[in-house]
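Chemist: From first to last, the protein sequence lines stand for chains A and B.
As numbered in the working numbering, the first sequence has no gaps in its residue numbers, which increase by one up to the final residue, 79.
As numbered in the working numbering, the second sequence has no gaps in its residue numbers, which increase by one up to the final residue, 119.
No lab work stands behind these hints, which were simulated from the structure alone.
By construction, the Cβ of each residue, glycine as well, lies at the ideal position given by its N, Cα and C atoms.
Take the hints with a grain of salt, since some may be wrong.
To be verified - Looking from chain B toward chain A, a few residues come up when the C-beta cut is under 10 Å (computed):
no., residue
1, Cys30
2, Pro54
3, Gln57
4, Gly82
5, Glu89
6, Ala116
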Amino acid sequence: MAATNTLETLLRAAFPDASELAVDDRTGGGDHFQVTLASTRFDGLSLVEQHRLVYDALSEPLRDGTIHELRIKTRGSAQ
Amino acid sequence: MTELRDQIQQIISTEPVSLFMKGTPELVMCGNSDRALRALQAEGAPVTTVDVLPDPQIRQELSALSGWPTIPQVFIQGELVGGADIVEELHASGELRRRLDEALGAERDATVKTAALAR
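Could you put the whole structure together from the sequences, leaning on the hints where they help?
Modeler: Right under this line is the structure:
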């Protein structure tokens, strides 16, 4: 739960305009996460570029091992 | 600058489709690597896989090259396509097929081979 909140806080800071923002603990173990995010920041970007923005926002928990596995679903404002 | 990095770059640049994964096609060690492999095989792609598990440095060098922090990573003719989520999404939308057709032609042989890194 603590890690889920940490991730949500980081994503909220990076995507203040997000119209949808969810972090789910997929396994209940606190280290496999599903991130679902809709933001105008993704508009016009390729999926690789969109996911890179998410990775950038979560670089710290990715580096320190908080995130063992991350699934990402992104969309822009138009989709 | 390391030799290992050169070898990884060589595979990315020269193999039509490369998949850096945990395990091998015969023994996949991670659900996401499996998802990426299945999506590629469903499109009849010629896949060259590299197992990142034997040495943590493989993954470090790969991520340094690609700027992508997670495994698996899929490349088509040197270009990063993405990880399991993106490859599945592109497979579902038909975009993966379009990109493979464009890069390799619609007539292609579905093959799987494993590239070994010299240590």
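Chemist: Enumerate the violated hints, using their earlier numbering and listing them in ascending order.
Modeler: 2, 3, 6
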